[in-house]
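Colleague: The residues making up each chain are set out below.
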Amino acid sequence: MEHLVFIVWAYIGVAVLIAALIFYVAWNARRIAARLRALEEKGIRRRSAGSAP
Amino acid sequence: MSVDAAAKKPNWFSRLAHPGQFLAWSRPLVLPLAIVTALLFAVGLWFAFFNSPEDYQMGDMVRVMYIHVPNAWLSQFVYGVMAVAALGTLVWRHPLADVANKAAAPLGAVFTALALYTGSLWGRPTWGTFWEWDGRMTSTLVLLLIYLGIIALWRAFDDQLKAGRVAAIVTLVGALNIPVIKFSVDWWNTLHQPASVFTASGPKMPASILTPLLVMFFAFTLLFLTLHLVSMRTEILRRRADTMSRQAALSAGTGG
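Sequences listed follow chains L and P, in order. So the mapping is simple: our numbering equals the position in the first sequence, first residue as 1, plus 7. So the mapping is simple: our numbering equals the position in the second sequence, first residue as 1, plus 442.
No lab work stands behind these hints: they were computed from the structure. Quick caveat, the model's predicted, so the values are computed rather than measured. Heads up, the beta-carbon is just placed ideally off N, CA and C, and yes, glycines get one too. Be aware that one or more of the hints could be misleading.
[Stated by the list, open to error] From the structure, some residues in chain P lie toward chain L, with a derived Cβ separation under 7 Å:
#: 1; residue: GLY501
#: 2; residue: ASP502
#: 3; residue: ARG505
#: 4; residue: VAL552
#: 5; residue: LEU556
#: 6; residue: LEU587
#: 7; residue: LEU618
#: 8; residue: ASN619
#: 9; residue: LEU671
#: 10; residue: VAL672
#: 11; residue: LEU679
#: 12; residue: ARG688
#: 13; residue: ALA691
#: 14; residue: LEU692
The following block holds chain P by itself, in its conformation from the complex (with noise of 0.2 Å):
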């Protein structure tokens, strides 16, 4: 191969950066998704409810961590997810960049939505309270400011490239959030529990509790990742039907 041909042969990234590729290579992958998804979810309320003992501090308090601690880890994941999205949108114009930042910010949204409410659930009987403002609890109701911010964000603009890079500057810019979030029980005297899952250390909990947190941490992950490349797949697509009715409007302005 000669060097120009090599040259103008596309590497791996570009190719995946053409949404039509995209389109192509991620149709096949949405149904055995959202077929292993469904089964995780089964095998893990089994586990919850089931196969798992009660806790010798929390009893069967421990059953809501299995929602909760999944949907705070997505909470701050699909952020993370967001903020590369954004790097990708400023630094390399990936096409699908944008794509993948729009389509993940209600996703996110709902997740934290989610670890906010089950947090709450958990802390009446635990605490003694539904909610306290302390670092963890507070700096996760920001990081559910700052999605629902950037969903607006979205929506205020017409010009969809526009739209992408200052959702892309305000999604970094609130990526300072996510330490203060992971941070928070270690810098501040707070109600909310150090953490015990994600620690250097590996997890401090036993298997019987342990293993229905993973299988349950598991199939909401495979769920946004199911629901994410559908949604990333309906923004392209709304982005052609959108480009299709401009191109036909002006086709039917100049009479051709």
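Same shape as in the complex, but just chain L (with noise of 0.2 Å):
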């Protein structure tokens, strides 16, 4: 294969920063999921969460 080592290093850029990418959002999710059933536990609920879905 023609040029092999750039395209190589092209792929692993890619991967390498799609997979922090994800890896980010999934663990920002996680994070702000366990901060909300943290409040939640200590007895905290929003003034409009009746009305909310």
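With the hints as a guide, dock the two chains, each given alone in a separate frame, to form the complex.
Modeller: Listed below in structure tokens is the structure:
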């Protein structure tokens, strides 16, 4: 395969950055969900919680 | 139904605007979207490496196109989404608009960085250089800087409503760069080749190369939609948690 090194580095770079992006988005979602659960376990509720689905 | 009742019934746009409704309808979409995205990537990569020919000019370097073009497309598409969201913030005061803008900015920055990275790796063997200050590459670099500026703006304000309005204005001003990127290859004499996929007369490439490109194009676009959906949900829940923390602090301060 011609210019293999450029092709391999292009795909590795994309794979690493996309994996990091997916990891960050998933980690952030879990972090916020855990924070919300902790607040609810302390008995803290939103004032509008009764009207929101 | 009486006129009053009809007037009170919220339309689909208003129902969509409710963050609680958004959380409800978006939740079951995330997993199926993620599965379809993963399948498309598997098929796209199989095509890219095992079922597509060499290009008669670029040889095997054409395989970099399958990741470069989708990222370049997304760098502009994500900005388009942010520009529409900015209009939603400034014109309709849509409660989800600034959430959409904030959630899309880091994703757009990553896709733009990847477009520049893969483009420079593609450029070295085909043009003889990793970088050239030509119209297409420079305007794409400016787009990356705009994305980073918008991310910084969102982090600079404690008041998210104010941040949303300022980010919306900056997003709309920055949108002037999108036609510059698109038409830079026509306006100036650039190293970058003219458009060969999104042209008025249709794609200018054989089906054997267009097929893997389209599969990867849909895979990356679905990846963006999935990550954007999850990021928007996270941002809504973060705001909810902030509000609850403030309410708890106020209750503690007033003794109740």
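Colleague: Give a verdict on every hint.
Modeller: Status of the hints after comparison with the structure:
| no. | hint | verdict |
| --- | --- | --- |
| 1 | GLY501 | holds (4 Å) |
| 2 | ASP502 | holds (5 Å) |
| 3 | ARG505 | holds (5 Å) |
| 4 | VAL552 | holds (5 Å) |
| 5 | LEU556 | holds (6 Å) |
| 6 | LEU587 | violated (18 Å) |
| 7 | LEU618 | violated (27 Å) |
| 8 | ASN619 | violated (22 Å) |
| 9 | LEU671 | violated (10 Å) |
| 10 | VAL672 | holds (5 Å) |
| 11 | LEU679 | holds (5 Å) |
| 12 | ARG688 | violated (10 Å) |
| 13 | ALA691 | violated (10 Å) |
| 14 | LEU692 | violated (11 Å) |
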